[in-house]
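Protein sequences appear in the order of chains E and C. Numbered by full-length UniProt numbering, the letters in the first sequence go through residues 1 to 346 in order. Numbered by full-length UniProt numbering, the letters in the second sequence go through residues 1 to 346 in order.
Derived by calculation from the structure, the hints in this document are not laboratory data. Mixed in with the good hints there might be a few duds.
In silico contact screen, one side only, chain C against chain E (beta carbon under 10 Å); selected entries [to be verified]:
(1) Leu57
(2) Leu183
(3) Glu194
(4) His311
Just so we're clear, the structure is a prediction, and the values are computed from it rather than from any experiment. The beta carbon of each residue, even a glycine, is placed where N, CA and C say it ideally should be.
Number of protein chains: 2
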Amino acid sequence: MARLTLAIDAMGGDFGPCVTVPAALQALASHSEIILLLVGDPDILTPLLAKADSSLLERLQVVPAESVIASDARPAQAIRNSRGSSMRVALELVKEGRAQACVSSGNTGALMGLATLLLKPLDGIKRPALMTVLPHQQKGKTVILDLGANVDSDSAMLVQFAVMGSVMAEEVLGIANPRVALLNIGHEEHKGLESIRDAALSLKALPQINYIGYLEGNDLLTGKTDVLVCDGFAGNITLKTMEGVVRMFLSLFKSSGEGEKRSWWLTLLGRWIKKRLARRFGHLNPDQYNGACLLGLRGTVIKSHGAANQHAFAVAINQAEQTVRRQVPERIAARLDAVLARSDKA
Amino acid sequence: MARLTLAIDAMGGDFGPCVTVPAALQALASHSEIILLLVGDPDILTPLLAKADSSLLERLQVVPAESVIASDARPAQAIRNSRGSSMRVALELVKEGRAQACVSSGNTGALMGLATLLLKPLDGIKRPALMTVLPHQQKGKTVILDLGANVDSDSAMLVQFAVMGSVMAEEVLGIANPRVALLNIGHEEHKGLESIRDAALSLKALPQINYIGYLEGNDLLTGKTDVLVCDGFAGNITLKTMEGVVRMFLSLFKSSGEGEKRSWWLTLLGRWIKKRLARRFGHLNPDQYNGACLLGLRGTVIKSHGAANQHAFAVAINQAEQTVRRQVPERIAARLDAVLARSDKA
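Only chain E is shown next, with the shape it has when bound in the complex (with noise of 0.2 Å):
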């Protein structure tokens, strides 16, 4: 396999380098073909390399940025101030050829504009989204987007999203003629915001577009469609209301019957069986599949969850390399053009 170039906003999210810099030498120890440019301040990231695996070193460098954008910062004045940060070096890497995708887990806005900024919209898109593939309970997946790059969306981008997302299901899932459905708050046509409605018209005449319907905020785990449309700001509310109750659940599973007092052989095997349905839901477990991809753009950026542990940011790390090596730009490029076309023409 050819060795790819990710390169890594070290300092981004919540807890910086403690958390990125561990996870680019793990997500080195168990991809040996991706090469990482860690991008950020060199007097922070070379002492957290210090007791690394020279092995692992061959395939890492540092590149240096002198400032980084604060995860609060209001994202139009923190572009304005965006040189040598972490964030647009990283970009700029990509942009530049020198990496073939970028993870952050810094401000959302922030990437957002910069990437858009650095990297262009492919032809025909008006505002890259923030997707992410979900396990279902039916074993297989759902795309669903925006996330939270737009909070508004008009009918226009919720229909670019549709196709873009639906792109994604059968190109890079596989799934033929994949479902695609908006998410509203009731199944009736009249039901939700006019920018819906409108979506939901708009998709019922594209004939590329496999168009299901509306669904509510409990089919988001259920597998009735391959692909869930939203506005930024319900995706990202639904997604990370989904996040806190599997959260919520794991946690009790640790926790349970701790503190009681029990025979040895009831407390083993309790925990056994507890182990058991962790695993059993640990698909679930936000960590298995964080960082979102902005697609859209001419280029692979992945963004990390800001509160990202170091498993989780290696997660995103192998999303970019999974993004890159199925070529995913480039796929959701080509169809947009022919299902554009023709529904400019319808």
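Once you've looked at the hints, dock chain C against the given chain E.
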């Protein structure tokens, strides 16, 4: 305890009388101090009551209604044609003082519109909101509103929801100085929709409200706030997402491990432990807190899930009884007067 009379829209919901009639009988059996007026088609309702215990039937009366509002009807049209419908007749019984509350699992939009039309909003309230009380991880409860009565909510409406939720938490849940948060997609002040940012500014300026800032979807069950305020679209999405995930977990408890061969004692013990886990999580079962209260009206209206089963609909009837006994509308009216008057001056 004084007897209360509750009007039940017996024809509403996905399953109509097949659920509402047995649920009504269940509620009568467990609450000796309520009288139920079952509103609907006597030709359908009477046969379903044939085998009921005569002691229960003494506290039940069928009130005829000639039509039913379809769950998927457009609210505006449904309201225009609502005369004689089970939902409207049930609300009229409250308006006329023949019943103290109404319970319906019918069309949400129609219920919201008709209830506002017939029972009138409290002074100072622009639009009523659907509110429910969710159990959270810290063993307390969170008031959440709006859950879908208002798809588009401006900042003034969000502020009113905050006031109503705060009164509800203080007066009914007994929480002194309840914390109030707005549901948003980030903690930072600049995040989210304009209506939410404007509401945050107003809430900060209201000394009667203990406003603590934004919370995200993953904090729905963490108990970080006593009142969570959102527009009806986001509220509906977050609540339904939570319910979907909880139901999935609860269903997995039931099915987990079935079909596998193992010794009988391991199977039994496994079941026992799973049962304990299910009990531990059972309070999160959406059926346990079915019934959202339409806050901001001069009367009590409880909206049950359209898909509620017998047990869940009985819980909604119980909610109606509790809401009347605790004088929720009266308490909200009294406190609203004070808060709104003071905030007008501010």
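- Message: For the restraint on His311/C, tell me whether the closest CB of chain E is nearer than 10 Å.
- Response: With a closest approach of 18 Å, the His311/C hint is violated.
- At a threshold of 10 Å, is the proposed contact between Leu183/C and chain E supported by beta-carbon distances? holds (7 Å)
- Message: Is the interface hint satisfied for Leu57/C? The criterion is a beta-carbon contact with chain E at less than 10 Å.
- Response: Check failed: Cβ of Leu57/C comes no nearer than 36 Å to chain E, outside 10 Å.
- Message: Is the interface hint satisfied for Glu194/C? The criterion is a beta-carbon contact with chain E at less than 10 Å.
- Response: holds (9 Å)
Taken one by one, the earlier hints fail for this structure at numbers 1 and 4, listed in ascending order.
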